[in-house]
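Keeping the supplied structure of chain W fixed, place chains S and L upon it in accordance with the hints.
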Amino acid sequence: MYSKWTTRLIIGLTLTFLIGPFFIIILAGLSDGEFMTFPPDGISLRWYAKVFTVESFRDSFKLSMFLAIFGTIAALILGVPAAYAISRYKIPYGETIKTIVAAPIIVPGIIVGLALLRYLVVPLNFTVTLALFMAHTALILPYAVRVVSSSMNNLRSDMEEAAVLLGCSRLGAFTRVVLPNIQSGVLAAFILGFVTSFNQVPVSLFLSGPGVRTLPIDMLSYMEITYDPSVAALSALLALLSVVIVFMAEKFLGFSRYV
Amino acid sequence: MFQNNREGLALALPAAIFTALFFLLPVGFLLSEAFKVDGMWSMQGYFDFAIKPLNQTVFLRTLKLGFLVALTSAIIGYACAFSIVNLEGKSRGRVFGLVVLPLMISPVARTYAWIVILGRTGIVNDAILGLGLSDTPIRILFTETAVFLGLLQLFLPLMIISLVSAMENLPKDVIPAARVLGANWLQVFTKVILPLTKDGLVMGGTLVFTGSLTAYITPAILGGSKVLMLETLLYQRVNVANDFVSAGIIATILIIMSFSANLLLKRIAKARS
Amino acid sequence: MKKLLALSTAIALISGAAYAQDKTLTISVYSFGMDAMKAAIFDPFEEVCGCDVVIETGNSVERMAKIEANAANPVIDVAVMSAHDALALSRKGLWQSLDISKIPSHAELYESAKDPIGDHMAVGYGFYATSIVYRSDLVEINSWSDLLSDELKGRVALPNITGTQGPLTLMMLGQSLGYDDLTFSDTIDAIGESADDIVTFYNRSSELAQLMLQEEVIAAPVGRFAWSRFSGADLPFKWAEPSEGQTGGMNVMLMTKDNGNEELAHQFINYWLSNEVQTRVAELKLDSPANATVVVSDEIAESLTYGADLINSLTMLDPGAIIDNRDAWLERWNEKVVN
Chain W
1 MYSKWTTRLI IGLTLTFLIG PFFIIILAGL SDGEFMTFPP DGISLRWYAK
51 VFTVESFRDS FKLSMFLAIF GTIAALILGV PAAYAISRYK IPYGETIKTI
101 VAAPIIVPGI IVGLALLRYL VVPLNFTVTL ALFMAHTALI LPYAVRVVSS
151 SMNNLRSDME EAAVLLGCSR LGAFTRVVLP NIQSGVLAAF ILGFVTSFNQ
201 VPVSLFLSGP GVRTLPIDML SYMEITYDPS VAALSALLAL LSVVIVFMAE
251 KFLGFSRYV
Chain S
1 MFQNNREGLA LALPAAIFTA LFFLLPVGFL LSEAFKVDGM WSMQGYFDFA
51 IKPLNQTVFL RTLKLGFLVA LTSAIIGYAC AFSIVNLEGK SRGRVFGLVV
101 LPLMISPVAR TYAWIVILGR TGIVNDAILG LGLSDTPIRI LFTETAVFLG
151 LLQLFLPLMI ISLVSAMENL PKDVIPAARV LGANWLQVFT KVILPLTKDG
201 LVMGGTLVFT GSLTAYITPA ILGGSKVLML ETLLYQRVNV ANDFVSAGII
251 ATILIIMSFS ANLLLKRIAK ARS
Chain L
1 MKKLLALSTA IALISGAAYA QDKTLTISVY SFGMDAMKAA IFDPFEEVCG
51 CDVVIETGNS VERMAKIEAN AANPVIDVAV MSAHDALALS RKGLWQSLDI
101 SKIPSHAELY ESAKDPIGDH MAVGYGFYAT SIVYRSDLVE INSWSDLLSD
151 ELKGRVALPN ITGTQGPLTL MMLGQSLGYD DLTFSDTIDA IGESADDIVT
201 FYNRSSELAQ LMLQEEVIAA PVGRFAWSRF SGADLPFKWA EPSEGQTGGM
251 NVMLMTKDNG NEELAHQFIN YWLSNEVQTR VAELKLDSPA NATVVVSDEI
301 AESLTYGADL INSLTMLDPG AIIDNRDAWL ERWNEKVVN
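As you go down the protein sequences, you meet chains W, S and L in turn.
Start counting the first sequence at 1; every next residue gets the next number (our numbering).
Start counting the second sequence at 1; every next residue gets the next number (our numbering).
Start counting the third sequence at 1; every next residue gets the next number (our numbering).
Treat the hints loosely; a few may be bogus.
What the hints assert, rightly or not - Dumping the calculated DSSO-like pairs for lysine-lysine here, alpha-carbon to alpha-carbon at most 27 angstroms:
| no. | chain 1 | residue 1 | chain 2 | residue 2 |
| --- | --- | --- | --- | --- |
| 1 | W | K62 | L | K66 |
| 2 | W | K98 | S | K198 |
| 3 | L | K102 | L | K23 |
| 4 | S | K266 | W | K4 |
| 5 | S | K226 | L | K102 |
| 6 | L | K92 | S | K36 |
| 7 | W | K251 | S | K64 |
| 8 | S | K266 | S | K52 |
| 9 | W | K4 | S | K52 |
| 10 | S | K64 | L | K114 |
| 11 | W | K98 | S | K226 |
| 12 | S | K52 | S | K191 |
To be verified - Far from chain L, some chain W residues (derived; all Cβ distances over 12 angstroms):
| no. | residue |
| --- | --- |
| 13 | R8 |
| 14 | I11 |
| 15 | L13 |
| 16 | T53 |
| 17 | E55 |
| 18 | K90 |
| 19 | L117 |
| 20 | R118 |
| 21 | S157 |
| 22 | R176 |
| 23 | V186 |
| 24 | Y222 |
What the hints assert, rightly or not - Now the in silico label distances, taken between C-beta atoms and shown as ranges:
| no. | chain 1 | residue 1 | chain 2 | residue 2 | range |
| --- | --- | --- | --- | --- | --- |
| 25 | W | I105 | S | P171 | 51 to 61 angstroms |
| 26 | L | M34 | S | V240 | 18 to 28 angstroms |
| 27 | S | S91 | L | D43 | 53 to 63 angstroms |
| 28 | W | M248 | L | S231 | 27 to 37 angstroms |
Simulated from the structure, these hints should not be mistaken for laboratory data.
A quick note: this is a predicted structure, and the numbers were derived from the prediction, not measured.
Glycine included, C-beta positions come from ideal geometry on N, C-alpha and C.
Bound-form chain W, shown alone (with noise of 0.2 angstroms):
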C-alpha cells in the first residue's frame, strides 16, 4: 500500500507549514535589531526581557488569566449539568435548549463584543470587564457542553441506576458514581475552555476600557505603537505555555481524545 516514504513526506510538509511559524517567531523574538527580521539581526534576550516590563502586558496578562480561568469555571457550573440532563432525562424542548447553548459557536465574535457593548455596556452600565467575563462563559460553554456530554455518554447510565435503586440520592449518585467517572472529560473542557478564552481574539475586540484590555487585543493596540522583536517574544512565550500545558494535558488524560 501507501510507502514509507511517501507517508512521512506528507506528514513532514504538513507539519512543516503547521508549525514552522513558529520557531521563526521563536528565533525573531532573539533578534538584536530594532524591527522583526528572519534569520535574526544578531542574537540577544533583550526583548524576551523587555516583555517582562512592559506594565500593559502585565495587567492584560491578569485579564487574561482571570477570563480564562474564571470563564471556564462559570462555564462548567452551567454546563455539566446541563450535560448530564441531556444525556440522561428526555427534557421538553431538548432540541431547541440544544441549539440555543450551540448558537454562540457560529455567531461571528466580532459581533458578539459590539452587541454586548452597545446592549449591555452602555445602557445598562456593566463593566466591560463584567461584559467579557459574559462573553467568554457563553462561547466556553458549548464546548464544555460537548465534551462533558461525550464522555458522559460513555458512561452506563445502568450504574447510577444502580445506585439510586440501592438508596443513594440522585444528588449522590451523581457525585460518587457520575462525577468520578468524568473527571477526565471535564478537565479536558476546562483546558480546551481556557485555551479558547485565552485566545479569543474578536469578541474582545470592542470590549475594551480604560487599563482593560485582553492579553491577545494588547498584542494588537503595542503593535499600534511599534512592531519591534518583543511582540515575537511574547508570542514565543505564550506558545510554550500552549505547549506545556497540551503536552501535560495528553500525557495525563489524553487530551486530543476530545479535541
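Just chains S and L now, with coordinates in the frame of chain W:
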C-alpha cells in the same frame, strides 16, 4: 434514561437562559438594527448594501477564499489524515499531538510570523529567487495569496482532526479488500474512503469554512485595507463610519453563510450515499 | 493561599479600582508613548494639583464614541484629538469654550494654535509635519507626484484614507498633479489606476516602519512624529522636501460640556501648554511644541516639527473641509481604489 423531566429541565435551563439573555439577546438586537431605516422596519439597508460595488467584491472574495481554504485543506487533510492513520501507535499519537498543537496557540502569534516569512526579503522569496523561479522578488504580502496561506495554516488542523477521527472508524481491511477486487486508488478513494468518511469531511469542511469567514486577525494583518474580507469590512464600518447598520447586515450574511455551508455539505453527503 | 490570591484579584478586577482620591481629573488621550507621557505630564500634574488623573486611551473613533454616548453625564473632563475630530464633536455641542484668562500659557502659543476651531472651543498643543520618507540609495523624491512614478511601482505605500494622514496625502498629491478641489475625485481616480502598484494602504506608522525596515516599501508619506523610527535605522532613509512643500496638522485639547470639573480642567490644560511641560515633552521627542517660547537643541529639533518658519510653511487642510467631504472621499475611494 430518567423519567423526571422537570428535574432535567431544571438542570439544563440555567445554561440556556444564560446564553439567551447575555448572548443571543444582545446579538439579536444588533442584527435587528439592520432591518430598521429611520425607525421603520425595512429591507432598504440590505438593498443599499448590496448595490455597492465594494461590498459585492468583498462578499465574493470572502466566499472564494473560504471555499478555496476549505477545498485545499480537504485535499491536504485527506493525504495527511490517511498518513497519520497508517502510523504505528506511538508515533501516531505524537504526530496527532503536533497537529493539534497550533490550535492551542494565539492566532496573533500564528499570523505575525507570516509578515516576516512572506516579505520581499523573507524565506519564501529567498527560495523563489534561489531556485530561479523569478528574477525579482514576488509581492505576496497584502495579496489574497497571503490571506489564503494564513487562513490555511490556521484552520488545516481542524480538517485533519475531523478526518482522522472519521478514518479511525474505517474497518481495517476495506482498502486492501477493494484493491484485491481490482479497484485502482482513485476508485478506492471515491468509492470506499470518501463515502465512509463523509461525516468527518462535513464536520471539517464546516469548521474550516466558517472559521475562514469569521477570522479577523489574518485578513487584518496579512490583507490590510487592500484585501478586505467581510469581517475586516465590518470592523472598518463600525470603527471608521459608526455604521451599525452595515455591521448588522454583514453579521447576518456571515451567519447565513455558515449555516448554508453546513446544510449544503450535509445535503451533498446524504445525496452521495 | 494561591487560590485566595487569584480570587481577590478577580474581585478587585470586577469591582474596579474604587480607591480614588477626592479630586479626580479624567482625561482621554492617544495611547502613543503612554508610559513616557505619563511620566512627563500626567504623574507630575498629580503632584501639582494634589489630585488623581485617570487616563482613558484608545483610538480616536472609540474615544469619540464614548464621549458622545456619555454627553449627558460626562465621564471625561479633558480630551485630546485631531482638530477635525474636535470640530466634528464641536458641531454636536459636546465641548465648552475655554476661559482663556485661566490659561496664562495660552499667550505663548503659535498663532494658529490659539483658536483652531473657533469660539475658543479648542487649543492646539502639538504640531506635526507630513512628508515622504524614502530610501535615498534607491530613489529620489522631489515632488508628491513621484509617489505614483514608475520607479516606485510595487514599492510604495500610502496612508489609508480613514486615517489622518490619508487626506493630507490626497491634498498634496492632488496639488502636484494639478487638481485643486476638495472633492479629491481626480486624485482618488489616479490612485485607483495605480492601485495594483501600491503595496498597501497602511493604517499605523508602526506597520509602515516594519514594512520599510524589511525593505518591502521604499517610500511612503508619514507624519514627522514617526520620523525617529526611520532616522535611527541602519538603512539610508531621508525626509523629502517636495517642491509643493510639506503638509501637516495639529492636535488639540478640549473640555467637555458641563463636566463640573472646570477648575481642574483649566489647570491641566494650562500645565500641558506651559513652557516647562512643552519643553520636557519636546526633549523626550514625544510631541512637537505648540508653545512658541520653547527652545530645544538642533539634535532634538531634528526629530520634531519645530520652529515658526517650518510651522508657518505647512499647507494644512481645513478641519471643516475634512468633515464636510470625508464621507464622499471614502465612498469614491471604496469604489475606485480598494474595490
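We went through each hint and held it up to the structure:
no.	hint	verdict
1	W:K62 to L:K66	25 angstroms, holds
2	W:K98 to S:K198	24 angstroms, holds
3	L:K102 to L:K23	19 angstroms, holds
4	S:K266 to W:K4	34 angstroms, violated
5	S:K226 to L:K102	48 angstroms, violated
6	L:K92 to S:K36	24 angstroms, holds
7	W:K251 to S:K64	40 angstroms, violated
8	S:K266 to S:K52	33 angstroms, violated
9	W:K4 to S:K52	53 angstroms, violated
10	S:K64 to L:K114	53 angstroms, violated
11	W:K98 to S:K226	40 angstroms, violated
12	S:K52 to S:K191	45 angstroms, violated
13	R8	34 angstroms, holds
14	I11	32 angstroms, holds
15	L13	26 angstroms, holds
16	T53	10 angstroms, violated
17	E55	7 angstroms, violated
18	K90	38 angstroms, holds
19	L117	9 angstroms, violated
20	R118	9 angstroms, violated
21	S157	34 angstroms, holds
22	R176	25 angstroms, holds
23	V186	18 angstroms, holds
24	Y222	9 angstroms, violated
25	W:I105 to S:P171: 51 to 61 angstroms	32 angstroms, violated
26	L:M34 to S:V240: 18 to 28 angstroms	23 angstroms, holds
27	S:S91 to L:D43: 53 to 63 angstroms	58 angstroms, holds
28	W:M248 to L:S231: 27 to 37 angstroms	48 angstroms, violated
Hints 4, 5, 7, 8, 9, 10, 11, 12, 16, 17, 19, 20, 24, 25 and 28, counting from the list given before, are not met by this structure.
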